[in-house]
Amino acid sequence: MAAVLDIITWVFIVGGVVFCLIGGYGLIKLKDVYARLHAASLIDTLGVGLILVGLMFQAGLTLVTAKLALILVFIFFTSPTATHALARAAINHDVLPEVETEEERELVRSTKTQTEATK
Amino acid sequence: MTQAIALAAALTAFWVLLSGYWLPLIIILGVASILLCVFIAHRLDVCDHEGHPVHLTIPGLWYFPWLVKEIVVSNITVAKAILFGGVRPQVLRVKASQSDELGQTVYANSITLTPGTVSIDVADNVITVHAIMDDTADGLRTGEMDQKVCKLMGDPVPESGSVKA
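Chains as they are written, first to last, in the working numbering: chain R, 1442 to 1560; chain F, 50 to 214.
Hints listed in this document are in silico derivations from the structure and should not be mistaken for laboratory results.
Note that the structure is a prediction, hence the values are computed from the model and not measured.
Incorrect hints may appear among the rest.
[As the list claims (entries may be wrong)] Partial selection, computed: residues in chain R whose CB lies under 7 Å from chain F: (1) 1465; (2) 1467; (3) 1468; (4) 1479; (5) 1482; (6) 1483; (7) 1507; (8) 1524; (9) 1525; (10) 1533; (11) 1535; (12) 1538; (13) 1554.
[What the hints assert, rightly or not] Taking lysine-lysine and the DSSO-like style, the derived pairs with C-alpha atoms no more than 27 Å apart in a straight line are: (14) F:118 x F:200; (15) F:197 x F:144; (16) F:200 x F:144; (17) F:129 x R:1472; (18) F:118 x R:1508; (19) F:118 x F:129; (20) R:1470 x F:129; (21) F:200 x F:129; (22) R:1553 x R:1472; (23) R:1553 x F:200; (24) F:144 x F:118.
Every residue gets a Cβ at the ideal spot worked out from N, C-alpha and C, and that includes glycine.
Can you build the whole structure from these sequences, using the hints too?
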């Protein structure tokens, strides 16, 4: 039984590590801030998720598993917020995505936050 | 009031899970901090249907597994694109058919949580999205997620294909 749990843990953790590595590779390889956000989101969804689930199998039905589940829930709620904040910060400092058409860039530029200073 | 009670219950469960001790002193400290938190939340007026959406618990049981499935699928799609090519960054706008800000927030957050799409702006029922490849952008254009979030929020579900904004 313990061996089965160990194997399941290995599968999940190795899976998580693979997604973390691909995400890290994407962070280096992709061209601009916006594209890199997508690579980062690989890490904080399946990368973290699979590793935590793997750890839950090691902890069994204990308080530790409940805490790991809570970590997972909080990451799921906070990481989109952080991603969105990064994108907003980039837009507000006139960093525009490298896309094919000028209309798309204009769509992004038009969402810049209007402050007293920029009006 | 319902929200305040639900918040107190959630905080109690949270506290018990994190503590795991049943000593009288610690229990008293826990109860005191929970009451203080609920009082502050009540004073700040964040204890409403937006700050603490308990009414979404039951519909959420249907929505959340679907979202997890979407996350897994698009994780694999984006990972393939990073490794083997197929990256084509693009910006698109989709309609958010939800009737209130809570629903639109849930939709925009779901878009960002799903790899391959990041919502960069929400205004007047329109969400501006940055997508990394055609696949994930087209997935959003079908409007399936919009419909699922409408169902979750109890809003009238839009017909498919009405997502172009």
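How the hints compare with the structure:
Residue-level restraint check for residue 1465 of chain R is violated (minimum Cβ-Cβ distance to chain F is 10 Å; threshold 7 Å). A cut of 7 Å between beta carbons decides the hint on residue 1467 of chain R: the least distance to chain F is about 4 Å, and the hint holds. Interface restraint check for residue 1468 of chain R: the shortest CB-CB distance to chain F comes to about 9 Å, outside 7 Å, so the restraint is violated. The interface hint given for residue 1479 of chain R holds, since its Cβ lies 4 Å from the closest Cβ of chain F, which is under the 7 Å cut-off.
The beta carbon of residue 1482 of chain R comes within 4 Å of a beta carbon in chain F, closer than 7 Å, and the hint placing it at the interface holds. Annotation: interface hint on residue 1483 of chain R holds; nearest CB of chain F at approximately 5 Å, less than 7 Å. With 7 Å as the threshold, the beta carbon of residue 1507 of chain R comes within range of chain F, its nearest partner Cβ sitting at about 5 Å, so the hint holds. At a threshold of 7 Å, the smallest CB-CB gap from residue 1524 of chain R to chain F is about 5 Å, leaving the interface hint in force.
For the restraint placing residue 1525 of chain R at the interface with chain F, the shortest Cβ-Cβ distance is roughly 6 Å, inside the 7 Å limit, so the hint holds. Of the supplied interface hints, the one on residue 1533 of chain R is violated, with its beta-carbon coming no nearer than about 11 Å to a beta-carbon of chain F, more than 7 Å. Evaluation of the residue 1535 of chain R hint against chain F yields a violated restraint, the C-beta minimum of about 14 Å exceeding 7 Å. With a cut of 7 Å, the hint placing residue 1538 of chain R at the interface with chain F holds, because the nearest CB-to-CB distance is about 6 Å.
Checking residue 1554 of chain R against chain F: minimum C-beta separation of about 9 Å lies over 7 Å; hint violated. At most 27 Å may separate the alpha-carbon atoms for a hinted pair to count; residue 118 of chain F and residue 200 of chain F meet this at roughly 17 Å. Taken as a hint, the residue 197 of chain F and residue 144 of chain F pair is honoured in the structure, with Cα atoms around 13 Å apart against an allowance of 27 Å. At most 27 Å may separate the alpha-carbon atoms for a hinted pair to count; residue 200 of chain F and residue 144 of chain F meet this at roughly 15 Å.
A threshold of 27 Å between alpha carbons decides the hint, and for residue 129 of chain F with residue 1472 of chain R the separation of about 17 Å falls inside it, so the pair holds. Between the alpha carbons of residue 118 of chain F and residue 1508 of chain R the distance comes to roughly 23 Å, so the proposed pair stays at or under 27 Å and holds. Taking the CA atoms of residue 118 of chain F and residue 129 of chain F, the gap is about 17 Å. The hint holds against a cut of 27 Å. Annotation: proposed proximity of residue 1470 of chain R to residue 129 of chain F holds, straight-line Cα distance about 13 Å (limit 27 Å).
The suggested pairing of residue 200 of chain F with residue 129 of chain F is violated, with an alpha-carbon distance near 31 Å, which exceeds 27 Å. Straight-line distance between C-alpha atoms of residue 1553 of chain R and residue 1472 of chain R comes to about 21 Å, which keeps the hinted pair within the 27 Å bound. Note on residue 1553 of chain R and residue 200 of chain F: the hinted pairing is violated, with a Cα-Cα distance of about 31 Å set against a maximum of 27 Å. The hinted pair formed by residue 144 of chain F and residue 118 of chain F meets the criterion: a straight-line CA distance of about 22 Å does not exceed 27 Å.
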